[in-house]
Amino acid sequence: MSRAFGDYVRKRREALREEDDAFSVRQVAQRIGVEPSFLSKVERGETAPPSEAKIVALAEELNEDPDVLLALAGKVSSDLQEAIRKRPELFATLIREMKGMPDHAVLRLVREVRDGKW
Amino acid sequence: MIELKQDRLIFRFPEVHDEARVSIEFQRTLRIPDDDREYPLPPGLGRFPLRHVDDFVANVPGSWIEHGGVMLPMYQSEALWVNFSGGYPCAVKVATGKIDAVTGKTLRPGLGRRPQNYVAIPEQPWLDGYCVEQGVIRQFVAMPLGAGYTAEEQITGEAEHGGLQVLVYPMKAEAYERLRSQPMEFGRSIFAGEMLCRSATFEGMGLAPGGRMRQQIFDDPHDLEDWDQAHVSRCFVHLANSLVWRQITDEHPPTVPPTAREYANAGLPWFEYYDDHLSAVRGSGILDKLKSVVQLGSEKGDVPVPENASVQGMPIVELRKGLRKGQVREGRF
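So the sequences go chain by chain: A and B.
Sequential numbering from 30 applies to the first sequence in this note's numbering.
Sequential numbering from 687 applies to the second sequence in this note's numbering.
In isolation and in its complexed conformation, chain B is listed as follows (with noise of 0.2 Å):
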């Protein structure tokens, strides 16, 4: 079953365990420079607000009300990532217009390794993009679905979809007994299940490949059978242009957030994690071929970004570095 709490998604699976629960939130945060250097993971800023999009029936596309799920504002590239929080441990499946952000290719049930399409919860904390290379992600970035921005339409032609989708796989009972048995093999957190969640937007918006940035997608360290791929749950978050939400919902919509260059003249961190204990999975030739917002743009004689200015000597604070497995984690404030 699927919550939505405080802007959260809770995914339970009591079936398969009492403990099996995690956290699935979407963080707002600033667009990096989309100029090709590789940035440091950016702050989160808070949580995108999360509406049932049942509650707005009368003010949301029918093919919202068919896909069912929750719906988020964004303005035009404005950047998000996605923050998974618990410890029992569970694969997370996500995918952007229906295109799998891990490895390219058609969002499809079912989890696989050869290539790993997936990430695993705990081990992995933030997923901030598109895995492009082994330790580099093009961050998720807004854009009107139509405009041929997005994943989806630049790796299938089609604005179908739009919104981001994420599918949660529980770990089975038995190998998380198995598992917990062994201590510090795990933080305190407990959260399990499958679940997919999309978001898509009121006039249509995706996700599209913004800028590099630093962010290893970790190999699942646990063997595929663990997996309990017999409990799938799944949602649909829809992208909702901020510019509409109030029409939409009758609530303001965040503030825009700050640039990238406004955030690093303030001289306030930006953040490296490390897991020593884990290797990255090679990113997708499929996600390497995109073009990123910026250089598409300049294709199409477009500024679809407002600013881009590049920024460097930012303080970095690193996360986890040297630390144990197991080890609690300082987050991103």
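Only chain A is shown next, with the shape it has when bound in the complex (with noise of 0.2 Å):
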């Protein structure tokens, strides 16, 4: 699992880079606060990733969808553990009763920004 939240941000960051010197290794971990060596073990693999901030941190970063990249390290966002907590039998229905929809139908549920009358 760190093997593919290492893999995806290294490749997202040096694909960054080759347009950017500001998201080299160096920078990215200055600009969210961990070590330089410690983001280069995560990218590699060889640690765990990082915790759920650093990862949103991470993402804002590299421009990503924050869900995604705590996906990818086997991690909910805590939001998201909150809501389930506060509701369990009918979050955990529910995603039993959507797990194998296809996209769009999912995307039907979503609250959308309801539009009125202008």
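It is worth saying that the hints were derived from the structure and are not from the lab.
Remember, it's a predicted structure, so these values are computed and weren't measured experimentally.
Some clues are possibly wrong.
Once the Cα atoms are required to be at most 25 Å apart in a straight line, the calculated BS3-like pairs of lysine-lysine come out as [stated by the list, open to error]:
(1) A:K115 / A:K128
(2) B:K691 / B:K975
(3) A:K40 / A:K104
(4) A:K115 / A:K70
(5) B:K691 / A:K128
(6) A:K115 / A:K146
(7) A:K128 / A:K146
(8) B:K975 / B:K986
(9) A:K83 / A:K70
(10) B:K791 / A:K146
(11) B:K691 / A:K104
(12) B:K691 / A:K146
(13) A:K115 / A:K104
(14) A:K83 / A:K40
(15) B:K691 / A:K115
(16) A:K104 / A:K146
(17) B:K791 / B:K977
(18) A:K83 / B:K986
Just some of the chain A residues that point at chain B, by a computed CB distance under 10 Å [claimed, not checked]:
(19) Y37
(20) E81
(21) N92
(22) P95
(23) D96
(24) L99
(25) D132
(26) K146
Idealized CB from N, CA, C, for every residue including glycine.
If you follow the hints, you should be able to join the two separate chains into one complex; please do so.
In structure tokens:
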């Protein structure tokens, strides 16, 4: 799991670095508040992915969806965990019912910003 | 469909293309001096919080519920810029108080080229204000609706709508596939769709023209026929005064941003954005005739902004200068 996370982060960061030196390991690590050697080990899968907060910061840096990076790291964001803990039966049922549904069907259930009368 | 996720509006158009998706956020920033000098781009200070108006039915005006959409908190005379993210081409119309920020005309559905009444994404990464001249905008600055400062009031004489409106049109799938077959024509992200968002305030707030800033509104490099005008999403973004944000949401609003002078004195960077491959639209004669907040305040005998000291000699970071088309840009930090 951590290897998949590290590979993904490294490929994304290196792709960005091709066009911008600000995406070196050192500079990205500095911006998210970790040691460059730690980020390097994470990318090589030699250590476990960082904390949720650092992964979210990394997602922001790399213009990635934080939930996707968290999933690659084997984590679920704390707000989702809290939502499930508050209504475990309801959300457990919901997720189990929806897990096999195609994306377009799931998207129909996502809360939309309601448009009204202008 | 429009989804509100982590203070971003995510617009998806799965019926047009699987990759048709665009993200729009509203960035806090410092208000540049309104002194008729031209300033570079100020930084982004983080996203404004966005909330569904439907979640606060008991605390917001009925008109907000009628409009639907989302809301964000702004202090009076606070500035804002709109950040577009995505590589799937889309055309975005932005209006304040239903006045088109590019042309100065009343907001109407549909895209036009004479004059161009939208910005093309991903070529246009940001929009900071009203297009008053070719390569010059006047910054979006929040002012109370009814005081006469907003672009809407100056043009229509009415304080009816307020807020900010954004409309996004996706590129047709076949046009996108044609473009995608041409390497290096686009960045990585992919967004598409037509969206419209508008924001207003609790007691009625709108956006008014502030200081002058160097920012090009790029000519659309695509054909008008490439845009899918049959698929439109829209969203109304209401502007709540930060002083009442907590009453509405029980959340603290963001802190007051630094002044331009405080920011400049700290030696922090400003920005210039270049794209040598694109030309810029001409400014709107309608918008160019508007009076800025400070100009109008002076005529009224008001002091509408608390601080307006000029700044100069600030460090400037040049973005994309010399980059080839399609190269990834650095953002504004």
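Hint check results:
1. A:K115 / A:K128: holds (20 Å)
2. B:K691 / B:K975: Roughly 38 Å separates the two Cα atoms, so the pair is violated.
3. A:K40 / A:K104: holds (20 Å)
4. A:K115 / A:K70: violated (36 Å)
5. B:K691 / A:K128: holds (21 Å)
6. A:K115 / A:K146: Between A:K115 and A:K146 the Cα gap is close to 34 Å, so the pair fails against 25 Å, i.e. violated.
7. A:K128 / A:K146: Outside the cut-off at roughly 35 Å; violated.
8. B:K975 / B:K986: This hinted pair holds, its Cα atoms lying about 17 Å apart.
9. A:K83 / A:K70: holds (15 Å)
10. B:K791 / A:K146: holds (20 Å)
11. B:K691 / A:K104: holds (18 Å)
12. B:K691 / A:K146: holds (23 Å)
13. A:K115 / A:K104: holds (18 Å)
14. A:K83 / A:K40: holds (18 Å)
15. B:K691 / A:K115: Holds, because 20 Å separates the two Cα atoms, which is no more than 25 Å.
16. A:K104 / A:K146: violated (41 Å)
17. B:K791 / B:K977: holds (16 Å)
18. A:K83 / B:K986: Judged against 25 Å, a Cα distance of about 50 Å means the pair is violated.
19. Y37: violated (14 Å)
20. E81: violated (14 Å)
21. N92: It holds, given that the least Cβ distance between A:N92 and chain B is near 7 Å, below 10 Å.
22. P95: Hint on A:P95: holds, closest Cβ of chain B at ~7 Å, below 10 Å.
23. D96: OK, holds: A:D96 within 10 Å of chain B, min 9 Å.
24. L99: Not OK, violated: A:L99 not within 10 Å of chain B, min 12 Å.
25. D132: holds (8 Å)
26. K146: holds (5 Å)
Checked against the numbered hints given earlier, the structure breaks hints 2, 4, 6, 7, 16, 18, 19, 20, 24 and satisfies all the rest.
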